Amino acid sequence: MLTFVVAAFTGWTIGSNAAGNVFGPAVMSRMLRYRTATILCSLFVVIGAVAESSRCIATLGAVASQTSFSALLILAAAGITTLAMTAFGIPVPTSQAVLGAIIAAGMFRGDVQWNTVPKIVGSWIATPICAALLAGLLFPPLSKLHNYLRLDPFTRHSVIRTLLIATGIYGSYALGANNAANIGAVLVRGGLLPEFEAALLAGVVISLGVLTYAKKVMITVGQRLVSLDMFSAFVVVLAESLTMHAFAMLGTPVSSSHAVVGALLGVGMFKSVRTINARMVWQIGLGWVCSPAIAFAVTTLGMLSARWWGD
Amino acid sequence: MLIFNKREKLVHELLQAYLDLISRCSVEFHNLLLRYLDHSSSENLESLVNTIATLEARADDQRRSIEDMLYAKALLPEARGDILGLIENADRIANKYESFGYIAICQKIHVYPLIKDRTSAISEVTKKCVLRLMQLINDLYFEGKGSLDEINEIIALESEVDVMQFHLISDIFSSTIPDLQKILLRDWINHLCSITNLAENIADRLKLVVMKSTI
Chain R
1 MLTFVVAAFT
11 GWTIGSNAAG
21 NVFGPAVMSR
31 MLRYRTATIL
41 CSLFVVIGAV
51 AESSRCIATL
61 GAVASQTSFS
71 ALLILAAAGI
81 TTLAMTAFGI
91 PVPTSQAVLG
101 AIIAAGMFRG
111 DVQWNTVPKI
121 VGSWIATPIC
131 AALLAGLLFP
141 PLSKLHNYLR
151 LDPFTRHSVI
161 RTLLIATGIY
171 GSYALGANNA
181 ANIGAVLVRG
191 GLLPEFEAAL
201 LAGVVISLGV
211 LTYAKKVMIT
221 VGQRLVSLDM
231 FSAFVVVLAE
241 SLTMHAFAML
251 GTPVSSSHAV
261 VGALLGVGMF
271 KSVRTINARM
281 VWQIGLGWVC
291 SPAIAFAVTT
301 LGMLSARWWG
311 D
Chain U
1 MLIFNKREKL
11 VHELLQAYLD
21 LISRCSVEFH
31 NLLLRYLDHS
41 SSENLESLVN
51 TIATLEARAD
61 DQRRSIEDML
71 YAKALLPEAR
81 GDILGLIENA
91 DRIANKYESF
101 GYIAICQKIH
111 VYPLIKDRTS
121 AISEVTKKCV
131 LRLMQLINDL
141 YFEGKGSLDE
151 INEIIALESE
161 VDVMQFHLIS
171 DIFSSTIPDL
181 QKILLRDWIN
191 HLCSITNLAE
201 NIADRLKLVV
211 MKSTI
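These protein sequences, in sequence, are chains R and U. Numbered per my numbering, the first sequence finishes at 311, counting up by one with no gaps. Numbered per my numbering, the second sequence finishes at 215, counting up by one with no gaps.
Hints were generated in silico from the structure; no laboratory data involved. Bear in mind the structure is a predicted one, so any value in this text is a computation, not a measurement. Please note: incorrect hints may appear among the correct ones.
Unchecked claim - Derived DSS-like pairs: lysine-lysine, alpha-carbon spacing no greater than 30 Å straight-line:
#1 Lys-9/U <-> Lys-144/R
#2 Lys-207/U <-> Lys-271/R
#3 Lys-145/U <-> Lys-271/R
#4 Lys-207/U <-> Lys-145/U
#5 Lys-144/R <-> Lys-212/U
#6 Lys-127/U <-> Lys-144/R
#7 Lys-127/U <-> Lys-6/U
#8 Lys-144/R <-> Lys-145/U
#9 Lys-271/R <-> Lys-212/U
#10 Lys-144/R <-> Lys-271/R
Starting from the given sequences, assemble the full structure and let the hints guide the process.
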């Protein structure tokens, strides 16, 4: 029971942090009500989790075997890492915390499948790069089409609102498909739930985070994106969603915050504006290193404590 | 027209109606002013003021409705600032038309032969400028047309009025009209010519709208 409570907490933090990356621009520009956005997002996160998270669950689950205790410890470590990094104002890549914790737990039993790790770590680095490239590839033809159509401001508004909502829905689906594995993989490998139920539970707890505590991050991310313009914000969310979905299909959970930063960079290059700063790059680097490191340390401490109490 | 929601559709219709009212203000003003310049009767002048005041009051109501919709319902986030700026300046145009008549009534402006034809010519260019402007706003906001060249036409008409204003005022002060009347006439003419300045302000704003519509 405690494992499920901790899983719910970790999923809740994912949902509360990631919803802004997909629906932030639509909500901040008041094209869509916050409540409607969270309902749409939570619904499609669950659908994405159930429909397409199995590959990510398989990849993350293959890193090391789990017991019900290690599953609890991993989810708790990921939750604590998320809290700690949020306290320092650093975007939280939960998937990286989960991997750090899984490796720590696996090392105690000596069954870490190291050959799976480079694929996952490589995808972290590839996430912002792919998002930047995608945004860079999408922006010129889409902006040419936009300029060719010469829509009046009223029609343009309707079109962009529709596109932002559609990409928000797609992004939510991709988020569920990608990030549900952070919870689901641990529950499946810990023998606590079968795959479908684990994916469903992960989707539901992420949705709870979206429904109950996404406003703050949505405002922060939304403001940053809409400060460009609505069309560019749409391209950023589209590139981010495509990246998340592509990695979900490849079976590696990645960070939506990192995908957004990459997409911002890609759009910024074409608009000749500085969309990201050194602080954001620094935060990504910190996420790559600190997130798995803190989770690794917390899990190791937990395993040592358990061994000590056991002895 | 794609999936407009009801409130956006209403703003769309209100804005179109508002532009029609300002255009009507311009046409009515010009026709009535010509009659006044021909006959110089206070009856004609009062008719001018009443007609323009009615149109201006209706335009005010439309403007308030548009502002309420855009602010209270937070619609059209990207275009909101531009639309509010446009209707604010267009409202000043209607106010100028109205106060021009009031000035003539209150200050008993006498129509001297020297100013008759030239005031009418200024009014003609002003009307052309305002109508062209309203058409341009209509094209931009409802048809997705309109170019910087067309906006520059408005600016050219404003310059034309500036030249006419300068020569007319110079001639007034070179004439034998009594000094007090000269000053009243100068202010009256300046008032009329300021309408194209407002049109130019709107044209400048439209330039930004055109530039923003391309990425």
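Right, here's what the structure says about each hint:
no. : hint                    : verdict
1   : Lys-9/U <-> Lys-144/R   : 27 Å, holds
2   : Lys-207/U <-> Lys-271/R : 20 Å, holds
3   : Lys-145/U <-> Lys-271/R : 24 Å, holds
4   : Lys-207/U <-> Lys-145/U : 12 Å, holds
5   : Lys-144/R <-> Lys-212/U : 14 Å, holds
6   : Lys-127/U <-> Lys-144/R : 37 Å, violated
7   : Lys-127/U <-> Lys-6/U   : 34 Å, violated
8   : Lys-144/R <-> Lys-145/U : 17 Å, holds
9   : Lys-271/R <-> Lys-212/U : 13 Å, holds
10  : Lys-144/R <-> Lys-271/R : 13 Å, holds
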